[in-house]
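Line order of the protein sequences matches chains A and B.
Sequential numbering from 1 applies to the first sequence in the numbering used here.
Sequential numbering from 1 applies to the second sequence in the numbering used here.
Each hint should be verified, as a subset may be incorrect.
What the hints assert, rightly or not - Pair by pair, the computed Cβ-Cβ distance ranges are: (1) A:Lys98 / B:Asn145: 24 to 34 Å; (2) A:Gly174 / B:Gly28: 48 to 58 Å; (3) B:Arg31 / A:Gly305: 52 to 62 Å.
What the hints assert, rightly or not - Computed from the model, here is a short list of chain A residues facing chain B with C-beta under 8 Å: (4) His161; (5) Pro166; (6) Asn259; (7) Pro263; (8) Thr290.
Stated by the list, open to error - The following residues of chain B were derived to be distant from chain A, with all beta-carbon distances above 12 Å: (9) Thr18; (10) Ile46; (11) Ser49; (12) Leu80; (13) Ala85; (14) Ser128; (15) Asp165; (16) Val179; (17) Gln190; (18) Gln226; (19) Asp296.
If you're looking for bench data, these hints aren't it; they were derived computationally from the structure.
Please read these numbers as outputs of a predicted model, since none were measured by experiment.
Note that the Cβ used here is the ideal one computed from N, Cα and C, for glycine as well.
Number of protein chains: 2
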Amino acid sequence: MAFILALDFGGTKLAAATVNIGSRKWLGYERRLSPGSADAKTDLEIMRSLIYSLLQDTKPAAIGVSFGGPVDASTGTVRLSHHVAGWENIPLKGLLEKEFGVPVGVDNDANVAALGEHRFGAGQGYDSLFYITVSTGVGGGWILNGKPWRGAGGMAGEIGHMVVDPAGPVCLCGKRGCVERLASGPYMAQNLREILEKIPPRRGGLRDGEVLRHLVGDNLELLTGQLVSEAAAAGDDLAKEVLHKAAWALGVGIGNVANLMNPQRFVLGGGVMKAGEDFWRVVRQVARDTALPEVDFEIVPAVLGDDAPLWGAVAIASMLV
Amino acid sequence: MAFILALDFGGTKLAAATVNIGSRKWLGYERRLSPGSADAKTDLEIMRSLIYSLLQDTKPAAIGVSFGGPVDASTGTVRLSHHVAGWENIPLKGLLEKEFGVPVGVDNDANVAALGEHRFGAGQGYDSLFYITVSTGVGGGWILNGKPWRGAGGMAGEIGHMVVDPAGPVCLCGKRGCVERLASGPYMAQNLREILEKIPPRRGGLRDGEVLRHLVGDNLELLTGQLVSEAAAAGDDLAKEVLHKAAWALGVGIGNVANLMNPQRFVLGGGVMKAGEDFWRVVRQVARDTALPEVDFEIVPAVLGDDAPLWGAVAIASMLV
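So here's chain A without its partners, still in its complex pose:
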């Protein structure tokens, strides 16, 4: 029976899976963490071992690939990885086609995950949607007229670097108040850390943020986006403030995008979106207030979780069969 091989080169993990064409259930699934010292070569070696373990003596009808970084989707060439060294200009599609002798499609993870949610997840039946992942970064992928929109240079979807607060804190990109600067996990942790560091160390009795300090053994460097969410859920006012600002930034970004592109749906995934109902309520309310009254849209959770890129890779490969 004809089957698809789907590959996901993430920044920190590698995954490969096989699925019969038309099926919604993995036939085989292999996953491994990328070692901290990984470069493109080691990543490729690990992925090859996953692939051969899955394939044994069989051959897929086509291969779809999600790559965690900018890709020229027309040639299937990786431009670079922001996490793993040595990926500059690697012709990933060409390498895989040569080794396995079947058609290969490659695209970046946000575009691929958008396609995955469109075909198999929260975007089924929706012709126009914007998928947003909010985790260590904030990225996005477009489906317009039922197909990926990558932009003239393959750079579309960068809602993470939309400026929503020109008076806000400085982002790694050099601008102030980008969506990513306010809403990504690591930056939320940094924002809370900076607030905590300004509070005098002892004042007698319980200080603001005492619970948080306790959680990280008074080592604020250990704060994470997830801990911010947990502390907010437990009632910590400082954590709530940071989380509220993140939800506000995301809401303004989504409302602006709604005014500009008027898609049917926004599908939101990534670790930060697990921050709870309060977080979702603020995102939805601010987005609604930011969009014009005539602009309709829905904001729904992604349903494929970490497998969205793999399912998108299946969709890409299916188009090549």
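Model the placement of chain B on the given structure of chain A, informed by the hints.
Frame of chain A; chain B shown alone:
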């Protein structure tokens, strides 16, 4: 010879023109101001008189229509006009098809002007572009994959109500710091008026804004966006400040759109874009600084001027022949 009839229902003027299919030169051209008291019925009457004056006893191959307000392009029904009463749910396509017995296409002016610049103006040969008109309002129209992108509900393109300064002044839409609130002509005039009103009336010698006051006979209600531009060009510091803020808002908006959609070109038209080279330089610089370094684009002036909607209407009609 087969020819096209193009119609432009603007907020304040009506225009009709004919052109041979494939030609770039008007065959006939009629234009009339819409009376201040106009409603949909009078506008339609005036337009009919322009049409019959142009057509005499001939019949066009098709009719294209640009309408200054929200339109359901799939049915050719006007939703409403923000400027002229009585346009609610008028089936403009149906009315014209019945009267003239030829195919008719109707869309809103920003989408139509975008198409005009794409086929006949500054967007020729560019598959993806965003057209922005900056005048009494700020609107936009998309061309993606060489075709108009109208959004799921026909509302795409509203860059005017993208929030770029959440601490900025309140817009008619209720939000703070929209692009339109900072960059449209009337709002620029209002912003300057508010600054001037805060300056004490007499202080001996020349006051800030003295030249501007003189221009409007000390009646600040007469200030317009154009006068702001002229005063800035003449060196007035307050006018320069207002104009700079407008250019900044437009630049942030464009940079955000570049990150999000990565189109090849931005084509900018409308009266405010005549504000001079300084204005354009700031728009371009801020847009470049707002976009990620990897995101390439050009910002160019529209070339069809007030005729962009008519030429877009020609493009729409051509598709029906």
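Hint by hint, here is what the structure shows:
1. A:Lys98 / B:Asn145: 24 to 34 Å: 31 Å, holds
2. A:Gly174 / B:Gly28: 48 to 58 Å: 54 Å, holds
3. B:Arg31 / A:Gly305: 52 to 62 Å: Holds - the Cβ-Cβ distance for Arg31 (chain B) and Gly305 (chain A), about 59 Å, lies within 52 to 62 Å.
4. His161: Since chain B brings a Cβ to about 5 Å from His161 (chain A), closer than 8 Å, the hint holds.
5. Pro166: Cβ of Pro166 (chain A) sits 6 Å from chain B, so the hint holds.
6. Asn259: Holds, because the Cβ-Cβ distance from Asn259 (chain A) to chain B comes to roughly 4 Å (cut-off 8 Å).
7. Pro263: Given a least distance of 6 Å, the restraint on Pro263 (chain A) holds.
8. Thr290: 6 Å, holds
9. Thr18: 33 Å, holds
10. Ile46: It holds; Ile46 (chain B) is separated from chain A by about 28 Å at its closest Cβ, greater than 12 Å.
11. Ser49: Nearest chain A Cβ is 32 Å from Ser49 (chain B), so the label holds.
12. Leu80: 10 Å, violated
13. Ala85: 18 Å, holds
14. Ser128: Incorrect as stated: the minimum Cβ-Cβ distance to chain A is 5 Å, not above 12 Å.
15. Asp165: Given a closest Cβ separation of 6 Å, the condition is violated.
16. Val179: The claim is violated: Val179 (chain B) sits with its nearest Cβ about 10 Å from chain A, within 12 Å.
17. Gln190: Since the minimum Cβ distance to chain A is about 21 Å, Gln190 (chain B) lies beyond 12 Å and the statement holds.
18. Gln226: Correct as stated: the minimum Cβ-Cβ distance to chain A is 27 Å, above 12 Å.
19. Asp296: 5 Å, violated
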